[in-house]
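Bring the two chains, given one by one in their own frames, into a single complex with the hints.
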Amino acid sequence: MKRFVYADNAATTPLSETAFNAMKPWLTEFYGNPSSLYRIGREAKMALNEARTTVGKCLNAASPVNEANDYAPGEIIFTGGGSQADNLAIRGFMHGPTAKGRKHLITSKIEHHAVLYTCEALEKEGYRVTYLDVDKEGHVDLEQLKRELSEDTALVSVMAANNEIGTIQPLKEIAALAHSVGAKFHTDAVQAVGHMHIDVQEMGIDMLSLSAHKFRGPRGVGALYLKKGIALEPLVYGGGQERGLCSGTENTAGCIGLAAAMKEAVEGLDEKMGYVKRLTDKLVKGVMDKIPYTHYTGDPVNRLPGTASFVFEAIEGEGLILMLDNMGVCGSTGSACSTGSLDPSHVLMAIGLPHEIAHGSLRLTLGEQNTEEDVDYIIETVAQVVSTLRSMSPVWENGKPNLTAASELHEHH
Amino acid sequence: MQYSEKVLDHFTHPRNVGEIEDANGVGEVGNAKCGDIMKIYLKVSDDGIIEDVKFKTFGCGAAIATSSMATEMVKGKTLEEALKLTNKAVAEALDGLPPVKMHCSVLAEEALRSAIADYYKRMGKDPTEILGCDMDCAACHHEHDEHAH
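Those protein sequences? They're chains Z and R, same order as listed.
Sequential numbering from 7 applies to the first sequence in the numbering used here.
Sequential numbering from 449 applies to the second sequence in the numbering used here.
So that you can see chain R by itself, here it is in the shape it has in the complex (with noise of 0.2 Å):
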């Protein structure tokens, strides 16, 4: 298993760690059975632009770096924006994953649609009409576990 030097460098000097005191949007998923949790941070403008996002994560060098990536690939863009950021784009972007780390991918993706969804929750809507269900499912990352090993 090898990781590409872009991945070695969001690992070494992750982007946007930490936490956001006055975040109107948390999500988390994974759980520390698997060895996998992240945790992400939005602020989001009254317009839907994300202003900040910060993230949080326990887990392998694969899994901090989808999280920096991710992070740093919404930062500016709007809620609509940010849903559309796939799994397999945050891995292009880090110049691929070894096979066997994808799903720490899939966890970034849907940490972001999490804490979107909670975004959404607070702001009095239902999340469950925009993101298609309402990204309270831990179940759902674990069989993505699943597949991806």
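So here's chain Z without its partners, still in its complex pose (with noise of 0.2 Å):
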């Protein structure tokens, strides 16, 4: 029986019941501006802090202030988003006074866009990027980052989770290794706040982007963790909200509603991600057991509860995605097709797969709202869909792929 199944809890997730009932009152009744003097600005300025307190505390920000337990909220700077904490944290560091004229920067070839493309443009500017190869599971080479390393980088910045695979890196050896040349570690922890325990201290985080409808927050709202001492050029001037680096009136609501949101997957993470790493185990194997010609991508241990990431050979991903769409079953693709240039995704360039393979790319990630059945179902669902898809391809002959053949054949020009 057809159902509707949302598996891609890494592009965004349903609003929880407790962030939304949190923001309600933000909406409506107490629409002050937290910048106003008269009370209902007062008490909007004082949620606004409160809310910053708790992501502090959620990532284990900065020892406390004062005897209340108040945490310095100037190490949380609220931002319209992780694209734009990651703009903030990387362009305003590099111009901003902390990188002390030092003009290279060491990231991976797997972050996400709002990394690399931000990384291009420093280039243009002049600074020196250096791109960090993965291994095939997707792991930063620490040997690279060690010989990278010099007395002219300023930064390292190294996503804590892939999105497309869900490889951890070993975030802790790296800020250590940023740190050994005076240099420092920011981490694109989009994917990763609420899904695997992040403790900004013991890790060595100098700076950790963040993004709220990841972990069942609002959209359009994510945060800068910007340890104190860290000086940056502001991403938006105005009206200097956020300590001047990221004006605009706050969005109260949206910060109020991710703070809640962040509290609750925080707080429940080990049981809520035992529950969803469950699942995923089980539509792992129910998938590799059931379709032959799949590979599994990432690191099989140390990765995301929740992401799945498979490539199954002799199709190509946009199809698989709008007939599972049609199954009701919402998943997504790396596929050429799907990233409108000629390139399959730059994830699973990196992690070497070919391209003829990496084509047929899906991923899949649950959350806690997800069931066995809802799994059971997937499972079968792919399973039809790959097969109707294969019985379809040229380069499916007799039960199996017939891709060199395809490729050699036309290899020449």
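Keep in mind that the hints are not guaranteed to be accurate.
As the list claims (entries may be wrong) - Quick list of the computed label-pair ranges, beta carbon to beta carbon: (1) Z:379 with R:571: 54 to 64 Å; (2) Z:331 with R:543: 12 to 22 Å; (3) Z:397 with R:493: 44 to 54 Å; (4) Z:123 with R:449: 31 to 41 Å; (5) Z:403 with R:460: 41 to 51 Å.
Since the hints were made in silico from the structure, they are not lab data.
Beta carbons are placed, not taken as given, at the ideal position from N, Cα and C, and that holds for glycine.
What follows is the structure in structure tokens.
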């Protein structure tokens, strides 16, 4: 029987009831501008700073600054989302005084475009950027990082966990290496926050980007954790909100929703992610057992609990997504047709998948709202759709892929 | 990027999928590296009418839909009529394609012409005289791809 199964929780997540309820009064009743001096303005300001404190606590940011356990509000900068946080962190840092004139930055080849394109823009301004290679499971090359670090390196920016294949990076090691030459460490933790334990002090993280809608908060709001003592060039100039780094009247309800969703996600992390991981393990086993010529991508162990990523030989991912959608299953792909270019996703290329195979990628990302029945339905549906597409594929013959023949045939140009 | 209802219909219920055992014209274009391969099978009668046509496609939704539409548009037609089918006509018949997907319609046109060229070759005729080239041009579609993007 047809169901609707949302299995694209890495793209976005449904707003949690808790976050929604926390936001409501700040949209209707308490609409004051947090910069205003009268009571409803002051109340909004207090609520915003409470949200900041909550976010700080969830990341174990800084030490309490007073007996009331208030965290330094400056350590959390609210932004308009994860991409803005990444832009502020990287561009703002390289342009800012804490870079101390150093002109080199190191990142990885599998970062989100919010990081990669910011780095490319900086290259045009004359900065030098090293893009670290990754192994076939998507871990950054620490030896290469060691070799590339120098007295000119201002910043190392490596994502906490990859959005396509779920691989978690050794953050603590990377931070320690960056610090060994006096560089700072930023991590794009947009996919990671609320899905794995993060402790900025223990891990040695200097800046961390996060986005509310990836952990069941609202869209259009994110935050940058900025360790005390780091000065950035502003992202948006204006009325001086967010310590002047991201001006604009604060999105009070959004920030409060972010904090409420984050608190909920982080407090129940082990229990919820344990459940999600069991579902994902079942999904991976089911798909791998049922569908031949399938490859599993990413680190099989050290990965985000809800991320299952595959490539199926002899089919193309966009068709797969459209057919799954017809059957009520939402997933995503890194095929060229989905990227609007001739190349499949940069992540699948970086982990060394051949083009021919990378076109058949499928990412399914589960959340706490998914059930065992959902997983059974996904396995059955994916198997059926892959089989249908293969039956239509000229590179699938007699129950197996014939891609070598196909690519040899046309390799001459 | 948004597909028309017609594209989605042809993608979901593709017409003429499969192979023809005793085909007398077969053409394949595209390559797996770029993510599209189209193979068209023709059964042409002695008087030059396309009696049957089938396709197999490795590719995105638009690639499958254009294959389906192109085969539907030439079935029962003469080879001369089929050769007049342009990629634009296929795209229009589908109520349009997103700009990044126009290359799929180019592939459909080429796969068809390639199958017709193969038919002429099998009949001992030089396809170059009729088609302007022998349609053995994987490099050709590659250029089209780049233009399309």
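### Message
Hint by hint, where does the structure go against what was stated? Just the numbers, ascending.
### Response
The structure conflicts with hints 3, 4, 5, although it agrees with all the remaining ones.
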